[in-house]
Structures are given as C-alpha cells and as structure tokens.
Amino acid sequence: MIIGRVVGETVSTKKHPSHEGLKLLIVAPADLQGEPLESVTPLVAVDPMDAGLGDQVLLAMDGWTAMTAMDLPGSPIDAAVIGVIDHIDVSRDLVP
Amino acid sequence: MIIGRVVGETVSTKKHPSHEGLKLLIVAPADLQGEPLESVTPLVAVDPMDAGLGDQVLLAMDGWTAMTAMDLPGSPIDAAVIGVIDHIDVSRDLVP
Amino acid sequence: MIIGRVVGETVSTKKHPSHEGLKLLIVAPADLQGEPLESVTPLVAVDPMDAGLGDQVLLAMDGWTAMTAMDLPGSPIDAAVIGVIDHIDVSRDLVP
Amino acid sequence: MIIGRVVGETVSTKKHPSHEGLKLLIVAPADLQGEPLESVTPLVAVDPMDAGLGDQVLLAMDGWTAMTAMDLPGSPIDAAVIGVIDHIDVSRDLVP
Amino acid sequence: MIIGRVVGETVSTKKHPSHEGLKLLIVAPADLQGEPLESVTPLVAVDPMDAGLGDQVLLAMDGWTAMTAMDLPGSPIDAAVIGVIDHIDVSRDLVP
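Chains as they are written, first to last, in the working numbering: chain A, 1 to 96; chain B, 1 to 96; chain C, 1 to 96; chain D, 1 to 96; chain E, 1 to 96.
Calculated from the structure, these hints are not laboratory results.
A hint or two may mislead.
[Claimed, not checked] Which chain E residues face chain C? A few, computed with CB under 8 Å, are given here:
#: 1; residue: M49
#: 2; residue: G52
#: 3; residue: A60
#: 4; residue: A69
#: 5; residue: I82
#: 6; residue: D89
Computed from a predicted model, the values in this text were never measured in an experiment.
Cβ atoms here follow ideal geometry from the backbone N, Cα and C, with glycine treated the same way.
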C-alpha cells in the first residue's frame, strides 16, 4: 500500500453499471509527512472508508485487492482506500 | 485508476480472435486539468464506454480488472476505459 | 497495453518445460511513431501472433492476461504480443 | 520481491474490518547495503514476520502474493513482509 | 519478462514456512548486453532454474506467474527466474 492524501473527487455519468453510487476520490501519493509528491500524478480510487477531503489515507493499488476491499469481485476497480491514517510513526534517523 | 485523455486509436488485422470488433483507444495519462503528461507514453485500452476523441476518461490498468470491465474473462486485456469523466473537483490548496 | 517494436529474440536452453517451443521476442516499448523509447529497457514477451522483426506490436504486460493470450494458464508468462499493429491514428493537436 | 528497511509504522482507526489487529509497517525500498533509497517513497506493508524497526526485510508487492503471505484471501492487502534478511551476499564485481 | 543478471543471493532465517529450502537470488535488471542497469535497484527472485552467479536470466515479475513457475500456488512469491539465457539476438539498427 502507499500513503496518499485525498485532494478531490471525480464524477462520471457514463460508467460501468457496478460503479453506480460509488464515490471516486482523487488521491495524491504522499510523503511521510502527508504532503503530496510533486513528481507523481494523482490517482483515482474508490472509497469504502468515507474519507474526507485532506485526509491521509492508505491506498491499495492492485485489482484483486481493490475488488476485495469493496467486496465487489465483479466490478472493475484497481485502486481503493482501505484505511484513514490517524498517525505515522517514523524513526527519523532511519530515513534519508 | 488514472485519469487519461483519448488521443487516437490503433488498428490491427493480426490479433487475438477475442479482440475481433473491439475498439482499441490510445489514451494519454493526463494531469488534473486533463492535459496529457509529456513525460509519460500513451497506453492502449479497450473501450466499452464508447468514449470519443479528446474525452477525459477513467482508465483501469490491471489485467483482471480490465477483463471484468469488458465481461470477457477469456480475452487478453490489461487496460480498459471504465468511465467518461464529466468533471473533476480538486481542492487547489491541497495539490502542489 | 503498450505499443512496442520487435527488435530481437532471446534463446534459453534451461527453461520452464512449458516454454519448450515458444518464441520469446525482445520488444522495445515505443512512442506513437513506433520508435523505441531510449529511456526504457526492452522487455521479453511470448508471441502467439508470429510477429516479425521490426513490427509494431500491441504488448500485454500482466501475468493472467499473458497466460490467457497463450491459452496456457499453467505456464509462467507475464508479457505477450496480442496484436500486430497496422496503423495508429492520433489526433496531433491532442498530444504534446 | 524487493529489499526494504523497516522505518516506522502507521495507525488507522477507520479501516477494513479484516485489518483489525494487523501491524502495518512503513518499509523503505533499500539498496544492497540496506540503505533506504532517497528517490523512492516508502511503502506500507503488513508484517506476519514480526520484523523490528531498522530490520532489513524481503517485501512482496503483489496483491495475491501478499494475501497468500497472510493466509487472508478475503482481506485487501497488496504488500507484505515475507522474510527478515540475515545477510546479503553480492559479487561486487558484478554490480555497477 | 525482463532480462536480468544474477549478482548475489539473500538469506533469511525468519521467513514464510513455504520458503524453507528455496534459493533467493539477487537479480539486477540488465540491458541487452547483459550489463546491470545502474539506475534500477536489484530485485530478489526465487530460482527453480538453478542459475549461477553472473548468469543472464529471464525474470518474471508477477505474483501469479511466479507462483506458477514454482508450482507453489500457496507460497508468497512475486518474482521468479524462468530461464537462463543462452544468447540474445538483437537487430542493432532497430534499437537506439
């Protein structure tokens, strides 16, 4: 999983029928301080965790994993929010 | 999923039999304004959404996810358009 | 899928038994003009399409997708040529 | 798999029910000396190996592989620690 | 698949029970001359081919593909050596 930050959402009228009613968040891959990485393009993920704008989240980025997160094996999904992060504990002398 | 923009299509005579009749779009990974990213090479995706040239689309990039989008589990596909994006709402103070 | 160009082939004596007789092509990821990208290392893919040296091809790069392309679910394959490209139509004003 | 170094952990209250009680480590992809790579963002992985802070670990980064490592096929996981590395033997004349 | 070069091995005491007795090689992604790429970090792969130090190998990098290569569907593996390369034939005028 990677750490991401919710920065927006996307809306589609034309979509796979199984996506009806699903919230699709724009999540920016983030560093250990939760700041979006400038060099990486934001992703779009389904959100069964009801994360809010600005939240730091745990993002799964594998098809089967994301379908499992939603309990929707017949729905085309390849990224899902699987947790809202409360805090991150990092040993500062171990990271560059 | 990622955000992409439809920039063309590709045609093959020699192909997997299950691809007969499928539309194969060239989709450029795009930024949050829908502009193709210069540093990233365009991808090829099947399109069950009937997206048009220039459309902003939601692109799934996982084999099983793409097969599920097409409802073609026996067809070799690893990328599919799963939505045509109407609009993207981004909180500008959250992105770099 | 990505667009690639066939630039060679690779030969192994020691290999998985299921690979006996399979052709393994070296495919360079290519731009929309079919020119190999300098910054990306060539990949190795099985080829059920009988592509020739120099051909522009459609490359699937997912394990299950590639196994499906070969109809060999018990054979370790993670990339396969799934089409020989006749032509690519791109709207020049849409790409950078 | 890649070589990683455990640099911290992350805590979530809102999470998938199957993640209750799982330890989620922050693992920095590392070079052959076990030093975190500056250019690569740390990942989050489940840890069935009870690795400690600073440990060099073997990291699997595929959904089905990670679920298999945990023996939790119904839990959304896409990265798992699958070994704690004792030592790495590298032939110095073979690496740049 | 990608072309790699065996540059070492890694040893773990704490590991998934199914990894008992498996050889875990360090494989450096390589160019078409078999030289390790400086810009890419070495990977760790299981080796059912009994490759030797310095060998050029064919590397599969997908979970299900690697499990299939080992015939170990219940073992967490996401990369496997699936061939030892004898020679690579590349058309020099086709590569940059």
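Each hint tested on the structure:
Restraint check, M49 of chain E versus chain C: the minimum CB separation of about 5 Å is within 8 Å; hint holds. The beta carbon of G52 of chain E is not positioned within 8 Å of any beta carbon in chain C (closest approach about 10 Å), and the interface hint is therefore violated. Among the interface hints, the one on A60 of chain E holds; its C-beta lies about 5 Å from the nearest C-beta in chain C, closer than the 8 Å criterion. With its C-beta approaching chain C no nearer than about 4 Å, A69 of chain E sits inside the 8 Å limit, and its interface hint holds.
Given the 8 Å rule on beta carbons, the hint for I82 of chain E holds: about 5 Å separates it from the nearest Cβ of chain C. Annotation: interface hint on D89 of chain E holds; nearest CB of chain C at approximately 5 Å, less than 8 Å.
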